[in-house]
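Trainee: So the sequence lines, in the order shown, correspond to chains A and B. For the first sequence, position 63 (counting from the first letter as 1) is numbered 63 according to the numbering used here, and the numbering increases by one without interruption. Take the position in the second sequence, starting the count at 1, then add 209; the result is the number in the numbering used here.
Read the hints as simulated data drawn from the structure, not as lab findings. Treat the numbers as computed from the prediction; the structure is a model and nothing was measured. Possibly wrong hints are sitting among the right ones.
Unchecked claim - Rough simulated footprint, nothing fancy, chain A against chain B, three-plus residues with beta-carbon under 8 Å:
hint, stretch
1, 230-236
2, 289-303
3, 308-319
4, 385-392
5, 397-406
Claimed, not checked - Calculated from the model, a selection of chain B residues having no Cβ within reach of chain A, i.e. all distances over 10 Å:
hint, residue
6, 222
7, 254
8, 360
9, 366
10, 376
11, 409
12, 411
To be verified - The calculated lysine to aspartate or glutamate pairs, modelled on DMTMM-like cross-linking and capped at a C-alpha distance of 25 Å, are:
hint, chain 1, residue 1, chain 2, residue 2
13, A, 185, B, 411
14, A, 47, A, 19
15, B, 269, B, 334
16, B, 333, B, 222
17, B, 269, B, 324
18, B, 304, A, 144
19, A, 185, A, 85
20, A, 47, A, 149
21, A, 14, A, 144
22, A, 179, B, 411
23, A, 38, B, 411
24, B, 296, A, 3
25, B, 296, A, 69
26, B, 214, B, 373
27, A, 47, A, 3
28, B, 296, A, 144
29, B, 214, B, 324
30, A, 14, B, 305
31, A, 174, B, 411
32, A, 185, B, 218
33, B, 304, A, 19
34, B, 304, A, 69
35, A, 185, B, 222
36, B, 304, A, 85
37, B, 214, B, 305
38, A, 14, A, 3
39, A, 38, A, 106
Built from N, CA and C at the ideal position, the CB exists for glycine as well.
One letter stands for each residue in the lines below.
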Amino acid sequence: MPEFLEHYLSLAAKAIFIENILLAYFLGMCSFLGLSNKVETASGIGKAVIFVNTITVPLNWFIKNYLLDPGALTWTGIAAFANVDLRFLTFIAFIATIAAAVQLVEMVIDRFSPSLYNQLGIFLPLIAVNCAILGSSIFMQQRDYTFPEAVVFASSSGFGFYLAILTMSTIRYKLRYSKIPNGLKGLGITMILTGLLAIAFLSFSGINL
Amino acid sequence: MLRNKIFTDPLMDNNPITRQVLGICSALAVTVKVELAIVMTLALTFVLTMSNTLVSIFRKQIPHNVRIIVQLTIIASLVVLADLMLKGFMYDVSKELSVFVALIITNCIVLGRADGFAMNNNVKDSFIDGFANSLGYGIILVLVAIFREFLGSGTIYGITIFPESLYANGYIDNGLMLLAPGAFIVLGLIIWVQRTVTGFVEE
Numbered sequence: 001m002p003e004f005l006e007h008y009l010s011l012a013a014k015a016i017f018i019e020n021i022l023l024a025y026f027l028g029m030c031s032f033l034g035l036s037n038k039v040e041t042a043s044g045i046g047k048a049v050i051f052v053n054t055i056t057v058p059l060n061w062f063i064k065n066y067l068l069d070p071g072a073l074t075w076t077g078i079a080a081f082a083n084v085d086l087r088f089l090t091f092i093a094f095i096a097t098i099a100a101a102v103q104l105v106e107m108v109i110d111r112f113s114p115s116l117y118n119q120l121g122i123f124l125p126l127i128a129v130n131c132a133i134l135g136s137s138i139f140m141q142q143r144d145y146t147f148p149e150a151v152v153f154a155s156s157s158g159f160g161f162y163l164a165i166l167t168m169s170t171i172r173y174k175l176r177y178s179k180i181p182n183g184l185k186g187l188g189i190t191m192i193l194t195g196l197l198a199i200a201f202l203s204f205s206g207i208n209l
Numbered sequence: 210m211l212r213n214k215i216f217t218d219p220l221m222d223n224n225p226i227t228r229q230v231l232g233i234c235s236a237l238a239v240t241v242k243v244e245l246a247i248v249m250t251l252a253l254t255f256v257l258t259m260s261n262t263l264v265s266i267f268r269k270q271i272p273h274n275v276r277i278i279v280q281l282t283i284i285a286s287l288v289v290l291a292d293l294m295l296k297g298f299m300y301d302v303s304k305e306l307s308v309f310v311a312l313i314i315t316n317c318i319v320l321g322r323a324d325g326f327a328m329n330n331n332v333k334d335s336f337i338d339g340f341a342n343s344l345g346y347g348i349i350l351v352l353v354a355i356f357r358e359f360l361g362s363g364t365i366y367g368i369t370i371f372p373e374s375l376y377a378n379g380y381i382d383n384g385l386m387l388l389a390p391g392a393f394i395v396l397g398l399i400i401w402v403q404r405t406v407t408g409f410v411e412e
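Same shape as in the complex, but just chain A (with noise of 0.2 Å):
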């Protein structure tokens, strides 16, 4: 296999298994717990993130590396901007670039794709809010991936996404049946059983492609 291929499964292999951006860095909790609950809108809200994610990952890679990184701004020659940090402005510029994003691409399909929109409509503005989302983002930044590790990252850690979702509505259907103490159902089993979920994964973590 040719190296840079192994690269990008590596990295790929690690954001959905390894480091499965739910169930090691616990982000977009939220829409997990809250819509777990059936099996078509967690494969929903999991598409959206993936669907999401790849899109805003990119865009804000090119934000940070032609306006927030130190001299990122030497591509408008003019001498002056040629020192200026401005990666404290890292958050909002990411927070703006993602609710923007999921606006537009809100009003794109639902304009070209009605079908996808029926799909993913819903769920697309609590996706902004998500924190999976924005600390992709900030992962990407963290890690000063190149652009197309951005792209592999942001579409294979939106898929871990999918794949605990997904696992969890599964769990959770067959749990309608299952008596359970009065405090534990909801919320308490669910965690319960994410941290079940966890350990499943962690066996993933001895693996090195």
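Please arrange chain B on chain A, whose structure you already have, making use of the hints.
Mentor: Chain B only, in chain A's frame:
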């Protein structure tokens, strides 16, 4: 609503984490050590109290359809402030908290309270609500952290609890508590206890 109720409700009956299911991400991630949990609570208290107050001050000026973006901008600016303060005064702790201070922006408690409470209530009530919700959040956070640090590293707030002789006789700290699954399970059990006490049953 009575002022007292606004303050006491989020502490127990309507706790943001165990009852409203908001802000779980950070509750799990920063609870490896009690110190981290306390610093995180302080940062959140600052952001939530200020954002609730500011949103409430401007609630009549904010147009309804762009309210989320306006609220996010207010919150994000406050988080930048909190992050810079942490970096300036507590550099080591802020390193350990890594992305989770930044993620206060998307912490559902902050946006949830801004949109759900501050948009419809006066400044004083919103201030109290913000403060009380951070306190309710902090209680659960510190509780989870105490269990995880105690069982995982044998210390509480960095102070060793077990005597050396215990380790000499073969006691081993439970490393699982420091990993992600430990957080989920401890929080799950705390939710169980809390809901049994308050008598809340989810259908």
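Trainee: Looking at the structure, which of the earlier hints fail to hold?
Mentor: Hints 11, 12, 19, 24, 26, 27 and 37 are the ones this structure does not satisfy, whereas the remaining hints hold.
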